[in-house]
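Could you build the full structure based on these sequences and the hints that come with them?
Here the protein sequences line up with chains X, P and G, keeping their order. Be aware that the first sequence starts at 0, since it is given in numbering that gives the first Met the number 0, and climbs by one per residue. Be aware that the second sequence starts at 0, since it is given in numbering that gives the first Met the number 0, and climbs by one per residue. Be aware that the third sequence starts at 0, since it is given in numbering that gives the first Met the number 0, and climbs by one per residue.
Treat each hint with caution, since some may be false.
Unchecked claim - With a straight-line Cα cutoff of 27 angstroms, these simulated BS3-like cross-link-like pairs (lysine-lysine) come out: (1) P:Lys-70 / G:Lys-77; (2) X:Lys-221 / X:Lys-6; (3) X:Lys-86 / G:Lys-77; (4) G:Lys-77 / P:Lys-1; (5) P:Lys-1 / P:Lys-70; (6) X:Lys-86 / X:Lys-243.
To be verified - Residues on chain G that point at chain P, a partial pick, calculated with CB under 10 angstroms: (7) Thr-56; (8) Gly-90; (9) Leu-95; (10) Leu-97.
Hints were generated in silico from the structure; no laboratory data involved. On a predicted model such as this, the values are computed, not experimentally measured, just so you know. The beta carbon of each residue, even a glycine, is placed where N, CA and C say it ideally should be.
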Amino acid sequence: MFTWFHKLASPPYFYLLAERLVPWFAWASLLIILAGLYGGLWLAPPDYQQGDGFRIIYIHVPSAWMSMFAYAVMAVAAAIGLIWRMKLAHAVSAAAAPLGASFAFLALVTGSLWGKPMWGTYWVWDARLTSELILLFLYVGYIALNQAFEDQRTGDRASAILTLVGSVNLPIIHYSVQWWNTLHQGPTVFVGTGSDIAPGMLVPLLVMIAGFMLYFAAFVMKRIQVEVLRRERNTNWVQELIDKP
Amino acid sequence: MKLAALVRRDLLLAYRRRGDVATPVIFFVMVTALFPLALSPEPALLRTLAPGVIWVAALLAGLIGQGSLFKSDYEDGTLEQLLLSPVSLELVALLRVLTHWLVTGLPLVILSPLMAMLLFYPASAMGMLIASLLLGTPVLSLLGAVGAALTVGLRRSGLLLPILILPLTVPVLIFGARATALASQGEPVAAPLYLLAAMLVLALTLAPFAIAAGLRVSLES
Amino acid sequence: MTASATVPLSLSVQQLEIWRGDRCLCRDLTFQLAAGAAIHVQGPNGCGKTTLIRVLTGLGRADDGEVRWCGYLREEDKADYRAAIAYVGHGNGVKLGLTPRENIEVAIALLAQSTPVAVDPVLVRVGLERQADLPCGMLSMGQRRRTALARLLLGYVPLWFLDEPLTSLDTAGVSLITGMLKQHLAGGGLAVFASHQPLDLRPFPVQSLILGAAA
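Encoded structure:
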């Protein structure tokens, strides 16, 4: 197990592995997302309160979910990179950050589009939207710090520390925002996602989440490849890779 | 005692550069005074907004003051000597933040009732205002110090620090401003104060490690 | 582990590789330094002398290779290695708001040993007895440099790292440095220094390490 882990952490090995895996994940995610969209937009019954407007959850919920998942991936990678000084781990963080930020942005946009028919306004200081906004700020901070250093490895390690501080803080932010929201009696129109949702609506949602996960896996691997090439551009194996026709 | 010598050094340096130390406090006073000009002199409105205004001003003043926390030690090579010395960098960092809070944060807390009065914040709630700021501003100092440690090696770190750290200060802002607002309405404030205290304990425990790690990384290239 | 009399003092560097950004500052750098000897790091501006010295002190990050002190990897006992080295870098580590006396007192407080050190003889040695109680901000660059060099005289530290020690020193300052280094080597100490000017340390052995060829 450990030797496999060690082998995986070697940039050339990972690069070639990702080269083979990315197409599989990418095609699988496309098929599953199409299936989920069909299920969500055609098969699922309209909501008795919200009509067809609720269908945006098939984008909104998976995006919000992935925006948090990407931060978790970054936090684990940051810890591995700092403790075992593994170069690949920092490449994983750097690859996941823009994807996570995009998911957070998508969740905010779809959330506010959904808000228009529900609340009559594009923005309400709802607890989940506010948390999502702060999460987007955290991503922006990571990206800004990671790119601020002339030496990539220093930037990687500095932003890994920031990620760990952020991951300790994130649950506190989440609960404080919830507390703040309940005190101010904010509108809570969001349907619960979970057991109280009709199976006809839930199944496409789960399919969409699976599709988004595969999409994330495919693109994070592709981006890791880019980050690895950028970080290892002076090594022999990258030179050989370039020279190879 | 090694650490006592360092604290003494920091206090001595702060005393000799009193002007720099006063800047965040002056900033706090000015920002607070700008709100009535931007909004309206209407007492009822200002009283409602006072907790938020005071907390946002304290937050910004605290973060701006943190930017230079390690800058001069970084530039003149003192930080390198501290890193190579046998004292624990975590402890040095913690003491540095606390000394800095003592000379910049504490005056701000002491001045806050005056600014609160200008915003028609009720006198009966001043005690709670001070208590919440006493618990909250050290957390802001510690978080700001993490940002200062991570950006100390960068030439253009001025605006980067707030971008990194402001999202992390949200809980302190929420609970601090909430406690202040509840106190002005004569309602119990124990819950937000306890939560602020819990965050202070957490920050005192964990932030020194992040600050020290940040300083080591900043010095390594 | 402590470097007792039975273990001869030595610094050994093996296959050191240092990158900064896209530049390889050194690769496969291997050398040995024994007690009573010095290494003079040379090379054009920007070739990585400062970076190499900072890596050797443990401040800077190396990308590969190992540094051994008395045969032990320095990572095995970081505190012991730190106690064994003294470093005077580009930054003087001198607070301009404090006087030379106060700066030296802080440096004494930070020493690994806890034996008391008298400040006045040190001030006399570096030639700052008349400026001892003026803020360093009012002193010349050379006098600030002398305040930094005073750190080397506070107690016996076997391994010195000096980065351009001659910067802004006058001729008397240069002979102060030469004298300090010779005394240090005569006492069985080791030194690594970077300098553009030659430093006459005869009869002690000085190896030259020329950077800038590796890239």
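Hint by hint, here is what the structure shows:
Only pairs whose Cα atoms come within 27 angstroms are accepted, and Lys-70 (chain P) paired with Lys-77 (chain G) is accepted, the gap being roughly 26 angstroms. Our distance criterion of 27 angstroms between C-alpha atoms is met by Lys-221 (chain X) and Lys-6 (chain X), whose separation comes to about 19 angstroms. For the hint pairing Lys-86 (chain X) with Lys-77 (chain G), the CA-to-CA distance comes to about 23 angstroms; that is within 27 angstroms, so the pair holds. Between the alpha carbons of Lys-77 (chain G) and Lys-1 (chain P) the distance comes to roughly 19 angstroms, so the proposed pair stays at or under 27 angstroms and holds.
At roughly 22 angstroms between alpha-carbon atoms, Lys-1 (chain P) and Lys-70 (chain P) fall within 27 angstroms of each other, so this suggested pair holds. Restraint check: the Cα-Cα separation between Lys-86 (chain X) and Lys-243 (chain X) comes to about 24 angstroms, which is no more than 27 angstroms; the hinted pair holds. Restraint check, Thr-56 (chain G) versus chain P: the minimum CB separation of about 6 angstroms is within 10 angstroms; hint holds. Given the 10 angstroms rule on beta carbons, the hint for Gly-90 (chain G) holds: about 2 angstroms separates it from the nearest Cβ of chain P.
Given hint, Leu-95 (chain G) at the interface with chain P, holds; its Cβ is 7 angstroms from that chain's nearest Cβ, closer than 10 angstroms. Restraint check, Leu-97 (chain G) versus chain P: the minimum CB separation of about 7 angstroms is within 10 angstroms; hint holds.
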